[in-house]
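Chain order of the listed sequences is X and C.
Our numbering numbers the first residue of the first sequence as 1418 and each following residue consecutively.
Our numbering numbers the first residue of the second sequence as 551 and each following residue consecutively.
The hints are simulated quantities; they were obtained by calculation from the structure and are not laboratory data.
Just so it is clear, the structure is predicted and the values come from calculations on it, not from any experiment.
Even glycine gets a Cβ: it sits at the ideal position worked out from N, Cα and C.
Mixed in with the good hints there might be a few duds.
What the hints assert, rightly or not - Computed cross-link-like contacts, DSBU-like style, restricted to lysine-lysine with a CA-CA straight-line distance of at most 35 Å:
1) Lys737(C) - Lys1687(X)
2) Lys1769(X) - Lys682(C)
3) Lys1691(X) - Lys1716(X)
Unchecked claim - Residues of chain C placed beyond 10 Å of chain X at every Cβ, according to the derived structure:
4) Arg585
5) Thr590
6) Leu666
7) Ala676
8) Val784
9) Phe844
10) Phe869
11) Phe898
12) Leu934
13) Leu1029
14) Ser1062
15) Leu1127
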Amino acid sequence: MIFSWRILPATLLLYVLGTLASPTSETFQEELTLRPLRDGKVISRFSFTTLREGAVPRNPELLEAKDIPQYYTLFPLGLGQVLREYAASELHLSLNSGKWDYEGWGYPGEQEVGTGAQLWAWISDGGSATVDERWKGLRNALAGLFCASLGSLDDQRTTSPKLAFVPVGDLPAWKLPHQLRHATLPSENVCTENLTPFLKLLPCKGISGIAGLLNPHRLFDADWHGMSVHVSWREGRGIEVRLAFQAVFDPVRLSIDKKRDWSLQSIFDKSIRKACPVASSSRIVVELPKNEAYAIDPKPSIVQEGFAVYDTSHVEKDLDISLRWPLESVFSYPLDPPLQPLSPLSVQRILKGTSQSRGQLSVSIRNTLPSEVQAVYLETMPWHVQFYLHTLKILVNGHARDDPLSDIAYTPPVPHGRPALLESVLRLPPNSTTQLDMDVMKSFLRYTEHPPDAQRGWDLPPAVLVPLVNSTSFVASGASTLLGNDMSRRPRIYTRTLLVDLATPDFSMPYNVIIMSCTLIALTFGMVFNLMTRRFVVVKLRETPGRNEVPMEKTE
Amino acid sequence: MSLLSRLKRAGNEDGARVRIRRRKALAALLWKRLRFIRVTLLLVGLIWMLAIPLPMLSQGTYIDENALQPAQVNTYWDWADVHRADRYLDQVEEWVQHNISSIERADMLVTEFQKLGIPAATQLYAYTNGDKVVQGANVYAVFSSPRASGDEAMVISASWLSRAGEGDGTLNRRGVSTVLALAAFLKNYSLWAKDIIFVLSDGYMEGMHAWLSTYHGSVQSNLRADPLVLSSGVIWTALNIDYPGHSFSHIGLFLEGLNGRLPNQDLVNSCQIISRYTGGIPVLLYDQFHHSEFPNKDVLDLPFWLPEFVKRNKEFKEFSYRAKNVLRHVGYQGRGMASGVHGLFHQFRIDAITLYGEPAPGPHGFHAMGRVVESSLRTTNNLLERLHASFFFYIMTSPYTFLKIGKYLPSAVLISVSMLFGGISEWIGAGWRVKKAEGGNGKSNTATSEVKWARQPRPLLHALCIVLYTHAFGFVVFLALTGTPVLNPVIMLFLFTLCLTSPIPVLCSLTSFARRDELPAINRVLKSINLCIASTVISVTSVLNFSLAATTAVLLGIPLTLASSSPLLPVRTVMYLLYVFLAFGWMVWLPGEMQRALWSWEILGVWFAPFVCLVYAPLALQGGLACLLPM
């Protein structure tokens, strides 16, 4: 008691100083959306938003000067320090595992679903450190923060597309303009070591609130899972950090009797025990099935527009939401191909050809909308896979055309340095399939450039398609008002990643190669040395005159 | 000190003289003994080939890639899954009974996959071969594994026709049912790191060939196939299930792919270990039983004329068991034929084998097959890289033993070296002639040192023209064979007569263009080029397709070495006829084999038919011409 009395003045002083020094206030909101799909799967999407009101990103011109003290209460300290240190105005990091099935699962709530790691940031120029230096520092710091191999998102993977990645928030109007840096690492695996630091950034960690459902055993068993961090600034509001976790569960696989009924307990193996006390708003939204008999338990706080909303800012007893289809004894998959695919645009990208020197990249985009859609098509390729633009062939419904492509921006690759970037605007006619075919050449790598698992091949990043329309037309239901904040933005569609086989030396035989080449060198040296130190004379073999005078060599 | 003195001694003129003499003596000795060396090399090569099945040359197989860990997992395939497979089998039987078309069947199969929640699609294809059209419908389903990026994939396939009887109409009913039941079963697990593609191909080889070609975007002019709606990643491994009978007693491993390609041996060894330890099923190489398993039955088909004590000899039995396996291998690999549907995968750098349920009254069925496939998939699922550690060049002598390349390759190369020496000696011989003036003297005199030799120009151009003519003739024959829609015996006989008379233009042009005294030299240069080309062909092919090289070496080695002219015209004609039969005899004697080779070339792109027509037959024909031309 005496001890605590003694330190009280100091604590009070610190508290007073803190409130004085930080004019900003912070709010934390959390939300979980659960959406059953027609193939029995359930998409769950966690979103944790921390808003630091009134804060502004750091101006890079003032990087040399000492930073003003930052006092965080709910805002994640580790992330805040990284943002201040490298003066990043906007930042998006996503770590995903699995392949998003746009046709079967529809358009995702969290749109950054490209396989592997993706990092993009808007960084302003200015100050003594260049944008690229700070980009390098940023990705290394984030690599440390999230235990991911983001450090290898080096110059060989970094690009600056013009159209596909527009800022989500606002960019401060400083003297020098902002620049975009974007990089992907398709072979990054996402697992528990990434989730633990992710949870650490939350004010209630994984202990209470809906974050308590984030059970790694179940999340990393899901058909698809991914986490993302979004930092943006909005003028007049402040800096917003949104941490999101999205997973697609298959209750049919998890259940013994092959039913699609699910509950929080059955998919997360956890229920909500207590609320997160610092959350200003906390809710669970369940999309309700249409034209089907179902039972949802417990009774939701509100039901509107086909959504059941549970307020979880106060939890009295264990909350375990369950959705059941009581008339179904066994789930049967829908057989007839549905008339309306869940995503109006679908992209298939494949790399054809089996030779180790050439191949063909084939992208086919289907538009099922009754109207023409303009879309930005972005293709990033590491330098060792070069595509030839002059071989680009466009087929619309099987007929060759060259008008759908416009505004082509192409950054050629620099061997051993920079990736190639192709960005252009595609016009996709209504109800059509557009196919783009391009020849690619596979480079011959230096043997030191091969990764340790050389025989696996090289992972190529996903292509990105950005339809130049609002997301609202992309979601079948009128869910946009309820389902969060990023629906007003342009959607972004990621294709599959690819694996390419380059010519690979047989790394199991380095000694054979060394021995072979050393022998050759020794033989050549011996011959040349012999010739250089030799004097040619005539040797008489026999005393008898005639044909036996043979010119012969003699060593000296 | 001694080194210095030796250097000094070597430095003076005497030492150099000694060394030069020694060198010359050695060369003379080699030249004198050349015939002996050639015969020795040839014989050693041939005997080596005979010795390939010897148990002492083989070594035991082993797993090289540590990631594979075969037979180290618990399998979950259970009787409920067997029941499901039985229900699928009932459906398949019903389709067979109602004799429904392959397109209808494909649609039903797609529905079965969709009932499981796995996206599936059909692919229609049609080959035009001459005026015949072969068409069918493939079914494929892509199970996107949870959490997997879909960059890599594994294939489980079953063709509608079984390899039993090489696709003569035996249906692979239980193979198809196994794949369907496996699809339902494998979907329940989230441990797959790669996509799993289920392919139920129509026909025997042609359906899978159409599917694979489309998947990899390889264009074939006579194939029309639907584009694939569903896509997945790079396929690393494939297992083809062939289960034609009611039950099976053994699992037979079939390895050989098109154009003599073999799968990585790790895959073969893994499946062998899994079959034995997880499935509890004995393993066969092909469908060849081991004699120790059936002591009272003659499973080796030994020739009846062998004395009984030889037939009962244990070592001899073991030798003939292995020899049968090696011959089977040479038969498939040499002809470039795939021993099963798996063989189509190898050309796309996919390691694949066929698991063949050897039909028997018992004791194994769906339960054992399912467990073996499940465990094999778990093993290939472990791969972080393509299979690359173990052997790609080997000869299996039994399921558990094999020969490394170094143990069999020299046999063909020795024969080729012998032929090369022959070619060089003919080349040297063609450049010299016995001097006319002392010619009579020299011949009567036994002392060879008295013979006077004179240089003579080699008529290289004439000989080259003949060589080119024979190869062009082979090409014409090839075009005729591939261009003729129906190859009936009358046409074949006509073609063969054409082949017989093929040297007429050569003889005519030689009589008009070449001097009479040039003919022996032309003959020698022709033989020299012939031997050198044959030697090169054998040694180069031996690395790509050993069986083909070995067969060529056996067929051409002795005949081409012995080919020589004779002063008597009847002898020359008979010799020539023998060589033509060696070159083109297959037209008359093996019409079925020829049809199959041509079909393989047209549809699957197997190089055997063009090799025979453009390389092998012209070489033998050149040997015949070397006999026919006067000396």
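- Numbered hints the structure breaks, given as an ascending list: Hints 6, 8, 11, 12 not satisfied by this model.
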